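Student: The residues making up each chain are set out below.
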Amino acid sequence: ETLRFGYAQNATPTVEAMQKFGELVAEKTGGEVTVQFFPDSQLGGEREMVEMLQGGALDMTKVSGGLLESFSPIYGVFPLPYLFDDQDHFYAAMDDPEVVGPVYESTRDLSFVGLTYYNSGARNFYTTKTPVETLEDLKGLKIRVLQSPTAIRTMELLGATPVAMGQAEVYTSLQQGVLDGAENNEFALTIARHAEVAKHYSYDGHTRIPDILLIGTAALDRLTEEQRAAVQEAAKESTGFHKSVWDAAIEAERKKSADEFGVQFYEPDVAPFREAVAPIYDEQDDAAKALVQKIRDAGGAE
Amino acid sequence: MSALRRGLDFALQILCCTLLAGLVAVLAWQVISRYALNQPSSTTEEILRYGVIWLSMLGAAYATGKGSHLSVDMMRDRLSGPGKLRLDAMIAIAFISLAAAVLIYGGMRAVNIASSQTSAVMQIPMSWVYLALPVSGALMIAYSILNLIDLSRGTTHHVDLDDVEAKGG
Amino acid sequence: MAGTASLILISVFGIMTLIGIPIALSITAAAIAAVLLVLPLDMALFTSAQKMMTSLDSFSLLAVPFFILSGVIMNSGGIAVRLVDFAKLIAGRVPGSLAQTNIAGNMLFGSISGSAIAASTSIGGVMVPMQKREGYDHGFAAAVNIASAPTGMLIPPSTAFIIYSLVAGGASIAALFMGGAVAGGLWGLGMMILTAIVARRRGWPVAGRVSRSEAVAVIGRAMPSLMLIVLIIGGIMLGIVTAVEASGIAVIYTMLLTFVIHRTKPISELPKFLMETVHMTGTIMLLLAASAALSFAMAFTGIPTAVTSLILAISEDPFIVMLIINVVLLVVGCFMDMGPAILIFTPILLPIAQKVGYDPVHFGIIMIFNLAIGTITPPVGTGLFVGAGVARVKVETCIRALGPFYLLLFATLLIVTYFPTLTMWLPRYFGL
Ligand code: NA
Ligand code: NA
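Chains as they are written, first to last, in the numbering used here: chain A, 1 to 302; chain B, 1 to 169; chain C, 1 to 432.
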C-alpha cells in the first residue's frame, strides 16, 4: 500500500518531520505501507491538496491550521491572537487529545481527518522602515496578512492596515513599498529572503498557528487495523521529533538573520497588544468559545 | 436555429459585458479605497479573482461558438471544402465530449467537494466559484451542437486567423 | 510508468493537435490520458477540472483581462496611433523602429508587471496591429512580440526568481534580481540587433526627418497618451499601485481619453470593446487552464524525475553536465509551464549543478532563462499561444517567423551558461 503525500514549501524541521513520518510508517508496518512524497507544492497549493484528499486523488497532506478554517469553522480558533501564552502552553494544549481530538475529527464528514500537528512558531511583525516597539508604531502601517477574516480583524484591532495577498507577492511588495511590513515566523526572513528588504523584527508573538497533518478517510479505509495504528503512532512520533529539532532551527535562523542580513530584533511589551485584540474573543460563537476555554485550561497561565 | 444562436449569444453578451464592466468598477473602487480613503478593501481582490474565473470560462464558451479557439491548421489548409466540414464536425464532437467529461462531470465533483468550503475573505461558498466550470461546459456543448447543425447545412464557424488578416479584418 | 506516461501524453497531444483539434482540447485530453495511469477516470476528471479552475485563480493573471481591455480601447480610439507617431519620432531612424518599440515596451512592462502574458497582451496588443498597418510581415510582428515578452520574467522584479529562491533553499533574491537584469538585458539587446538586421534586409519603412513644428505637434498630440505610461509604470515602480490596480487605471484612463477627451469613439461602442475582450480572454485563459492540467499530470506521473535520471547518468564533466541539464530543461520547458517546472526541477537539478561547481544564483539564472524560452516554444508554450492569439496570427505562422529568434536565444543561453562572469559581475560587484 502506498500513501501519496503532498506538501507545500516548508521550513527544514517540518520537512524532516514529514520524512521521518514516512520512515516510521514503513518501519512500523514492516514495509507494507510506504509513503510517496510530492514536495514543494508540485501538485498545487495547500487548499488544492485538501480538495484532492476529499476527492481521493491524494492520501495525505500537511497544511496550515489557518487554511482549515474555511473547511471547518472550529479551526478558526487557532489564528486567534494571543490564544497561547507561550510555546510551552502551545505544546501542552496541542498534545491534549481532549482539546485537539474533536477538532481533528470535525472534518470526517468532509472525507479527511487530522492526525497530528507540527509547531510553526510564533508569528511576529517585521517591517521595512520603522521598528514596531509599541502599539503606537503599528498605527496605519500596511501589513500583509493571511487571507483569513480572523487575521484581518486582528490587524484592524491592532490599528494596522491589513493587506491580504499571496506569499509570492510579499517580497516585491515590501521592496516597492506597497507594504510596510508583514508578519511571520523567523523562517520568512531567511528562507523567503524577506530579511533582504525588511530589517526590523519585533517579537510580539501575536499568533501561533499549528500546522496540521491530514489523511483522507478513503486512505484510512484502505489500511488494516494494525496499519492504521502504525500510521497514528508514526504521526505522534514525528511530532516528537519535530519538537526536538525546532528550537535549535529557530535559533539558527535568528542568528543567520542578524549576522548575514543585519536584522535588528526588538522585544516590545505585549500587554497593550493583548488588550487591544481582546474584543475578538467576544465576537466568537459558542463552539469557538468552548474550545478557547479548553485551550486556556490546558496549562494556561490565566 | 440561428435564432437560438442569436439568443444565446445575446444572453452571454449581456452577462459578460455586465460582469466585465462590474469588475472594472470593483477594481476602480479598490484603488480609491486604498489611496483616497486609506482603507484597503480585502473584499475587492476576492471579487476580482472569482470574477475573472467566471469571465474566462464564459469567454471560453463564447469563443467555442465563434470557432476561434487556437488550433494548428496545417492539415486543415490541405483539405477540400467537405473535408473541412468533416474536421469541424470532429472538433465539435471533441468539444462536446471533453466539456461533458472534464467541465461538467469533473467540474460537478469539484463543486460538490467545494460546497463544504467558504472563501477566505467574503465567506461565500467556494462551490459558487467552481460552478463556472459546469456552466461553461454546458454552454460549450450548446454551441457545439449549434455548430454541428450549421455544419450539416454547409456553414462553418471556424475562424482562419491568417485569412482574417488577409482580408484586413 | 513515467515512460509510458510520456508516450501517452506526447502521442495524444501530437495526434490531436496535428489533426487540427483546438490546442486547449488536445492538451486537456493528453493530461487526462496520462493521469489515467495513476488515478481512476472519475478522479482524473476531477483533478483536471480542479487544476483548470485553480490555475485561473492567480494573482498574476488577474490583470490580464483589464490590460486586454485597455489595449482594445487604445487600438480603436486613436491612442495607439498617437503613441506610435511619438515612437517614430524618437526611434524612427532605427531599422524596424516599431518592432524595436515593441521589444523595449515588453522589457519595461514585463519587468514591472512581472508577467510575460500581461506584457504580451498589453504591449503586443497595441504594437502588433500597428506594425501590420505599417507593412511589417504579420508573422514577424507577432514573433517579435512573442519572443520579447519573456524578458520580463528575467528583469526584476520577477516572481520566477522568488519561487526559485524558495525551493533552492534561500539563494539571494537580490543577487538573482541583478543577474536576471543582466541576462534579461542580453536577451532584449540580442532581439533588437536581430530585428534591426531583418528590418534592414527586408526594407521596412524608416521614418523620414520631420520639421520642428511637426515634432512639437506629434509630442503635443501624444502627451495625454504618454501620461498613461507615466501613470502605470511610475505608479507600479513607486509602489503606489500594484500591477493589477494599474491595469484598472489603464482601463479607466483609456476610456476617459477615447470617449471624453479625444472623443474618437462614441461610448455606445463600449459593449463591442467589452465583448472583444471577453472573447480574447476566454481563448487565452482556456489555454492557460489546460496547460496547468498538463503540468499536474506530468508531476503526478513522475515524468520529470524519470527524464532527469535517465539523461544525467551520462557524464560528470561540468561542460557536458550543464549542456545536458540545459537540454533537459529545454525539452521539459517545451511541455511544462514555468511555475511547476521551477518547483519540480530545482530540487533535482540544483544539487547536480552545485556538484560540478555552479553557484546557486548563477544556476537560477540559467534555469529561468531556459524555462522562459520554453514558454514560447512549441508544442506547449503559453507565451507562444497567447502571443499568436493577441496578434491574431496562426500558431504555425508564428513558429516559422520565430525560427531566427529561437537560434538567437539558444546561443544566448549557452553564453549565459558558460560565461558566469557575464551575469554574475553585477551581483558580485555588490558583494552578493
Ligand atoms: Na519582472
Ligand atoms: Na514550450
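Just so you know, the hints here were simulated from the structure itself, not pulled from any lab data. These numbers come from a predicted model, not from an experiment. Among these hints, one or two may not hold up.
Unchecked claim - The calculated lysine-lysine pairs, modelled on DSSO-like cross-linking and capped at a C-alpha distance of 27 Å, are:
no.	chain 1	residue 1	chain 2	residue 2
1	A	129	A	199
2	C	265	B	66
3	C	272	B	66
4	B	66	B	84
5	A	129	A	256
6	C	265	A	256
7	A	236	A	294
8	C	355	B	66
9	A	199	A	236
10	A	129	A	139
11	A	256	A	236
12	A	129	A	255
Student: Hint by hint, note whether the structure agrees.
Tutor: Going down the list of hints, with the structure as the test:
For a cut-off of 27 Å, the pair hint linking residue 129 of chain A to residue 199 of chain A stands: about 8 Å separates their Cα positions. Between residue 265 of chain C and residue 66 of chain B the CA atoms are separated by roughly 25 Å; this keeps the pair inside 27 Å, and the hint holds. For the suggested pair residue 272 of chain C and residue 66 of chain B, the alpha carbons sit about 15 Å apart, so the restraint of at most 27 Å is met. A C-alpha spacing of about 16 Å is found between residue 66 of chain B and residue 84 of chain B, which places the hinted pair at or below 27 Å, so the restraint holds.
Pair hint residue 129 of chain A plus residue 256 of chain A holds up; C-alpha atoms about 20 Å apart against a cutoff of 27 Å. Taking the CA atoms of residue 265 of chain C and residue 256 of chain A, the gap is about 60 Å. The hint is violated against a cut of 27 Å. Straight-line distance between C-alpha atoms of residue 236 of chain A and residue 294 of chain A comes to about 21 Å, which keeps the hinted pair within the 27 Å bound. Taking the CA atoms of residue 355 of chain C and residue 66 of chain B, the gap is about 54 Å. The hint is violated against a cut of 27 Å.
Proximity of residue 199 of chain A to residue 236 of chain A is assessed by CA-CA distance (about 37 Å); at most 27 Å being required, the pair is judged violated. Restraint check for residue 129 of chain A and residue 139 of chain A: the C-alpha separation of about 13 Å stays at or below 27 Å, so the hint holds. A distance of roughly 30 Å separates the Cα atoms of residue 256 of chain A and residue 236 of chain A; the hinted pair therefore is violated under the 27 Å criterion. Taken as a hint, the residue 129 of chain A and residue 255 of chain A pair is honoured in the structure, with Cα atoms around 21 Å apart against an allowance of 27 Å.
The structure fails to meet hints 6, 8, 9, 11 from the earlier list, while all remaining hints are met.
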